[in-house]
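Line by line, the protein sequences are chains A and B. My numbering puts the first residue of the first sequence at 1, with every later residue one more than the last. My numbering puts the first residue of the second sequence at 1, with every later residue one more than the last.
Think of the hints as simulated: they come from the structure by calculation, not from any bench. Using N, Cα and C, we set each Cβ at its ideal position, and we do this for glycine too. Do not take every clue at face value.
Pairwise CB distance ranges, derived in the manner of DEER restraints [to be verified]: (1) A:N47 - B:R251: 27 to 37 Å; (2) B:L212 - A:G132: 19 to 29 Å; (3) B:P878 - A:H145: 37 to 47 Å.
Derived pair list, reagent style DSBU-like, types lysine-lysine, alpha-carbon separation capped at 35 Å [as the list claims (entries may be wrong)]: (4) B:K798 - A:K193; (5) B:K780 - B:K798; (6) A:K78 - A:K193; (7) B:K295 - B:K327; (8) A:K78 - B:K726; (9) A:K78 - B:K327.
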Amino acid sequence: MVEHQGWQVAATFGNPSEEAARTRESVGLADLSWMSKFNLQGSGMKNAPDLGPDVRVWLLGRREYLVTCEPLVADAAKARLVQIMGVETRLRPPIYVTDVTSVYTQLMVAGPNSREVLSKLTSLNLSEGARGNLSCAQANVAHVHAVVLRNDLPGIPAFHLLVGREYGESLWESVLHAGHESHITPLGLEAQKLLQK
Amino acid sequence: MSCPKDKITLEFNGKPVTARPGDTVASALYRSGQRIFTRSFKYHRRRGLLCLAGKCPNCLMNVDGAPNVRTCITLVRAGMRVTHQNASPSLENDWLSVVQHFDRLMPVGWYYKTMTDPRVWHTAEPFVRKIAGLGTPPSPDAVSGNYEHAYRHSDVAIIGGGPAGLKAAISEAENGRQVTLVDDQPELGGHLRYTKIAEAALPELVAKVQTLPNMQVLNGSYCFGLYEGNLLGIVQPRRDPDDAERLIHLRAGRVVVATGAYESPLLFPNNDLVGVMLSTGVLRLIHLHGIIPGKVAVVIGQSPLVEPVVADLREAGLQIAATVAPKSVVRAIGKKYVTRIETRDARHACDLVVMCGHRIPDAGLLHQAGARLEWNAGKGAFIPTDLPAHVSAVGQVTGESLSAAATLPPVLDPASKRAFVCLCSDVSSQDLANAIDEGFDHIETLKRYTTTTMGPCQGRMCQLPAIGVCARQTNHSMAETGVTTGRPPNPGVTLGALAGARHHPTRRTPMHYEHEAAGAAWLDMGEWKRSRYYQSPMGASEKQCVEQEYRAVRERVGLIDVSTLGKLDLKGRDVGRLLDHVYAGRFSDLRPGRTRYGVICDEAGIMLDDGTVSRLADDHFFVTTTTGNLDFVLQWMNWWLVGTNWDVYITNLTSGLAAVNLAGPNAREVLKPLTDCDLSTAAFPYMACRVAQVAGAEAILMRIGFVGETGWEIHFPAESGPDVWKAVMEAGRKFDIKPFGIEAQRLLRLEKRHIIVGVDSDALTNPFEAGMGWVPKLDKEDFIGRSALARLATQPPKQKLACFIMNEADLPEDGAAIMIGGQLAGRVTSARFSPGQGKAIGLAWVPAETAREGAEVQVRVRGRVARARITEKAFYDPDGARLRM
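Isolated chain A, as found in the complex (with noise of 0.2 Å):
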């Protein structure tokens, strides 16, 4: 375990590089819950904001986004929204802003074979077609309400599944479990680290 941006964190489980070299090969499981995350809603909500280059902004339903950046990014995407927003005045449509970092536990599943895994958890769709890269969905993930994004890591597809935080061990324990046949493999930061590269 090492602190990372304020949390702690899974360093590796092992040995980083074969984590990586796994992942690339089949399939690899993260813990991502200490990103940040917080909820855009409102009539003044009509367009996705530009929040940065290392921001994500996701579309979740009629006028209601879900922003996910590391914790460093943070202050600065929520004081960019901020100017975006401008000042409240009666007249104009508002703008709510919740953080729900602590609502999900975030897991990520990469790797070639990271469609087969999550095939035996979810109806969802995750093909190439149905499913690119950046965009969102919501579905039933091992019987849990889960927000699935797709984003990818460099040449690598990649899954992030987000579920109410309480569910966590028990997502992690399904998905380790459908992953048996794939040998996966937690990933640490570390191997993380390695596969950004």
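Chain A is already provided as a structure; the job is to place chain B on it using the hints.
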């Protein structure tokens, strides 16, 4: 010559059997000399191989613990353990076969007429239970982990890997579509595998299918249902012992059914003898497995079907004793196996009878999808018509290449007790005739009364003959008689496959491991794990532990994890309006920094949920719901928001916030050093709320008191859960703080007469009956349930929720009956032993006139009647003075 590594050894009834690669279990057993494969369901008659295509019930066995496996389409694996079923002590000698000599006593439907007498049933039940059913289910432990689900998506799904299916698959794939090809046989090819028609084309078709990149082939997998939205249920059996049996949910843009046609048996007395086989079954044995199933054969059938079969059999080296027309067959003769065929003018000795039976389009899936099956006299078959959009059919399933000459209507002359229509449950043509005479003369009632078409074969072997018998006996045509409704699953599916892997979701609160370390005894509340109580290391009983926790809260201070409460964040200018509309109480006038109790009622004034509403800012509310009703409340609010154009945005923060309730006379002293918030009653009175730091975490504090003591409900970010819990426990150490569980909480609130919606109330309870008539604010603008509540407010309730007290030894169970004058008058909803009162206390529904101080009622407690006294006020601090201290 095969070398040893080409041999596979499996175990049949404990003895080794050698098989060749490519063998099915049935072909391997047949080669080893096994002729009897099962015993029939009712009469325990010997049954041997018939179809070899997985369509009949004659080869069902137990394979590796799973019952009713169709061994004729199950490929052998080394070490497979196969056992027979439905025969005792052995397939060769089954003592229950004596039953067939008493068939006169058990005509079809006999159990409807005899088992209605309770005396008969009680005598017969143990025996019936022992012999009923087919096969023995495996123990749950033996099959755990052997099943999983998988979801697939495809532009086109082709069901059936015969020539028509292969061609359709290739053409679709070549047009650039994603194709999934499903075939239930071990190898692709359909009837091309064992007949000589255009044999040369098969390898090319199969090779082509296997090279196309956008083609997924699921062979050896059977499709059991075609559901709405082109959802196909497919079972992929396990291939090796470590593999899981997989249920594939395939969602397809279009479905092409190419399931072909299958052969069904002819009707003549003793048509079920071992050695009487379908011609396709015989040809499969010869061409797929190199087994010649006999020496001298009689072929029953009609031109033009018979000739190619006879030629094929001759070529294989079989001697053909005779070729006879179905109409001239009088009966088959044989004790253990068939030895002769008697026709109107001769007897032919033989050891194999080959039936060239009717060809029936395998249209079950199309029928499920909504197609109509229409009798076509020219083809002698029910042909699927009116196919729904996105479903099509190709090949023999459409009736292609069938002709009436080859597929005579069933031969039925005369009805016989031993001419079996239904092989699954031993229903003969005589049985059907009798049932029709009894008045079951519609094909659907005939099916239900006789169970024909309801066995493992699901009508594949028996439907057409049954329709034939019904038509003939009722003097209707085949078209008028019609077919029975086809429903999934067909063929049958293991329950394990339907259940899938055990991905049972568990919800753990942020402080789960703190509780575990403190010795929590767990309680499963839905998916949540909650602490029922904390076990003591000294080995105290549950009652003692709960009492200690109770005393800590009443006398010192206690801490409970309430993270499972539903927590909703509501933002917007119109939140107050929404809450006024959804809750029976008033919230638009709630001042920031205040908390109020709320009850949600439906349009009929029935209580649905309760919780607290806190106003954090003008346009920001924080609402809690009961643990189980969160999803409902969220949906309910969103439902009533639709179309209002109100500025309300709801975020579900349940997962994001941990919550504890710190309660007891010392609660303030414990919390004081952990927070920057002024906790004095002047600054933070009862029913107030504040946002402040607690042990370094940003928290919402509410001064409320479910358990009846000075206390704070504190909500804070989930990831700080363990740290805050530890900090509070540490700060409480000098006050001898104790964590308390659900049991102590329920006891504490019961003393305060705080009800739990859904436990003390039910689906008919309104607030007036529950003693909460102060909740609905009938003077506010229209809200859900207003008119019903206004009416209820003027009517005296018939029953009321009342407190009662009684001797500890008489502590009733929740749900115990309340009696008045020997008559049932109500029920107990909650009862606990109260250490404070030294007696058993509880809440119960009683008639309104009885709900007064001092009234006496009787409670039925474990078979006897005990006395209880009704009280009007709460047992503990009825005026709530302690909450305001």
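### Query
Which earlier hints can't be squared with this structure?
Result: hints 4 and 9 break, sorted rising.
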